[in-house]
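Asks: Residue numbers (the working numbering), protein chains in the order written: chain A, 8 to 377; chain B, 8 to 377.
If you are wondering where the hints come from, they were derived from the structure by calculation, not from laboratory data.
Hints should not be assumed to be uniformly reliable.
[Claimed, not checked] Derived contacts from chain B toward chain A, CB cut-off under 10 Å, selection only:
no., residue
1, D94
2, G152
3, P156
4, G163
Ideal Cβ placement from N, Cα and C applies to all residues, glycine included.
Number of protein chains: 2
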Amino acid sequence: MKTLQVRLPQGAYTIHMGANILDRLLPQVITPVARELVLVVTNDTLDSLYPGRVARALAPTGLRVETCVLPDGERYKTLETLGRIFDRLMALGANRQTVLVAFGGGVVGDMTGFAAASFMRGIPFVQVPTTLLAGVDSSIGGKTGVNHPLGKNAIGAFKQPAAVVLDLELLATLPQRELRAGLFELIKHGLIQDAPLLDFLAANAGKLNSQDWAFWEEALCRSCAVKARVVEQDEKEEHIRAILNFGHSLGHLIETHTHYETYLHGEAVGVGMLFAGYLSTQWGHLPPGEFDRLCDLLLPLLMPMALPPLDEATFSALLLHDKKTAQGGLKYILLEHLGQAFIRPNTTPAEIWPVFQQFLARFPQVCHLS
Amino acid sequence: MKTLQVRLPQGAYTIHMGANILDRLLPQVITPVARELVLVVTNDTLDSLYPGRVARALAPTGLRVETCVLPDGERYKTLETLGRIFDRLMALGANRQTVLVAFGGGVVGDMTGFAAASFMRGIPFVQVPTTLLAGVDSSIGGKTGVNHPLGKNAIGAFKQPAAVVLDLELLATLPQRELRAGLFELIKHGLIQDAPLLDFLAANAGKLNSQDWAFWEEALCRSCAVKARVVEQDEKEEHIRAILNFGHSLGHLIETHTHYETYLHGEAVGVGMLFAGYLSTQWGHLPPGEFDRLCDLLLPLLMPMALPPLDEATFSALLLHDKKTAQGGLKYILLEHLGQAFIRPNTTPAEIWPVFQQFLARFPQVCHLS
């Protein structure tokens with residue numbers, strides 16, 4: 008097992024990573040924060056897959072454990088679904104000593120975190136990620152929230168968990184497609200700040216489909232460490248934290264343009280990362296040889312993606328509607344080298360559009376307009 | 008004009024108090040925080056009473072000013088109404104540089120503040136209170152939020168405004184009943200921590216119905232100062248801040264039991280303060296002579312209140328459902344002296360119920376069961 012400390016102004020918390028650690032560690036992290044009632048928030052898919060799993064892990068604590076089952080899917084990450092968590096809390100007579108447990112992927116984690124931030128103006132919550140993406144990305148950094156029909160994650164709060172328990176056994180049942188999608192965020196952390204992590208992944212490429220827990224512990228811990236260090240420097244995304252959005256400008260555009268229905272978040276970000284690398288090379292930042300290495304890493308993982316027709320006006324509107332938009336353009340995240348990202352401020356859609364056209368022509372097997 | 012600084016860990020802000028200051032001060036406080044778009048949140052009553060008032064004050068800034076008009080009333084302080092603010096922001100293409108202005112009383116202020124806390128995980132907002140209650144109470148301290156059908160202010164955030172502009176001219180159009188209701192919170196601050204404020208109010212009792220701005224500036228500034236100092240010591244209500252809930256345990260019970268329909272918040276708190284004073288005396292804390300002075304101050308302002316029938320079980324359930332409830336009882340706020348409150352932990356409804364029965368018998372003109 009590995010542990011990683013995240014130290015933030017409001018306090019520190021620990022991420023515990025390892026195979027088969029839930030039963031031992033969840034009681035250990037919950038006991039100091041819970042008084043009487045624990046509400047486990049999950050989705051219907053996970054509830055069928057692991058019925059009563061969290062309650063069983065918490066049985067030795069003697070705490071009252073209840074469950075709130077949400078419908079599965081990004082399209083339910085709304086203010087309305089959030090209201091169902093509050094309804095359940097109120098119906099159970101929850102108070103400021105109640106603790107939430109997010110048992111699920113990024114959607115469950117984001118909604119549970121926002122509910123924990125807002126219920127009685129703040130109660131503790133513990134993350135138990137069940138996807139690679141949630142483990143490596145959304146469970147660190149405290150960004151929580153829900154989508155608005157006109158904007159992803161438009162409504163939310165910064166809220167840090169009391170602890171994260173990342174049990175690799177839970178990831179073993181992930182569908183292959185979800186596992187691969189999560190890998191993109193893991194790789195992203197290497198691309199923006201940790202070149203040796205990229206070497207480690209390249210050297211162990213064969214283990215990506217395995218249940219070699221020692222490999223996964225190492226890969227996850229190094230990847231999480233990058234995100235934790237960035238968030239520690241800039242929790243509220245006032246400067247450096249923006250580099251974590253590497254691949255996300257185009258990624259969000261793809262998700263919005265396909266109504267969050269066709270592709271997984273990680274898949275959209277994967278294409279966005281390849282494009283951001285391409286842009287970095289075209290604009291003279293990333294040496295072409297390094298872009299080739301980026302392709303070697305990403306192309307085997309990317310599946311063909313078909314986007315609905317997209318003209319420049321739509322492209323521009325979708326890019327600028329992203330919430331990182333300030334007047335005068337986007338903060339686009341580019342690479343100087345593999346393992347070294349930087350922020351290019353005031354980037355306009357008009358500059359990006361022609362390069363996007365070239366990108367589509369060069370990588371039709373990755374992304375094409377239908 | 009008077010100003011009061013509120014200093015909190017995340018930064019300081021200023022409360023500006025005076026007659027006819029809106030046109031001069033609002034542009035001054037908005038300009039440093041707004042880039043392009045300002046959204047004024049108000050209710051339909053105020054929008055009819057002061058059409059375009061805030062936009063006119065902001066005209067010299069050249070900023071784009073839009074308005075979001077919510078239905079008037081505590082019963083609309085819900086997650087659904089909050090969603091209307093987000094809908095408007097998204098439709099206007101708002102971003103992290105957008106600023107909200109809360110133009111209204113406590114309901115508008117609480118919802119606007121929570122929207123500002125949550126939109127894009129936090130944008131600035133400025134308070135322009137139009138009621139005495141909002142000016143003296145809800146515009147200081149950063150408690151924002153909405154009600155749940157099963158609990159008042161059950162969902163919310165701590166969010167401090169960028170500034171508060173309290174124009175006394177706006178209070179001049181307040182209905183007499185609202186003005187009187189707001190006075191209870193003003194008096195509360197004297198009762199819990201500032202005996203000289205009580206003397207000042209007693210000496211100027213005749214001016215409470217006047218537009219003597221010099222009197223009001225002084226009364227408001229002293230009252231706001233008490234709240235500001237308490238909040239500075241304990242923003243998140245981990246200890247001393249709870250004394251601001253003086254009168255609120257019974258107040259919330261009255262509001263919930265009458266479905267927020269019959270009495271104003273201040274009126275319910277007024278009865279709650281008289282009761283908390285009575286309880287303090289009955290339990291041997293507040294000397295009887297001081298309780299008589301409390302009665303002299305409060306009784307002329309209290310109107311007869313009729314509550315629906317209430318048995319001990321309902322009384323107990325309503326008291327314990329309040330969110331300040333921890334296991335083992337309530338933190339009840341009592342008085343040692345006028346101007347000196349303290350927290351009595353682990354107070355049970357069973358202890359309070361018999362004293363409440365005596366209270367009803369002693370003050371039938373203030374509160375009786377129908």
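Asks: Hint compliance check: list the failing hint numbers for this structure, sorted ascending.
Replies: Those not satisfied: there are none.
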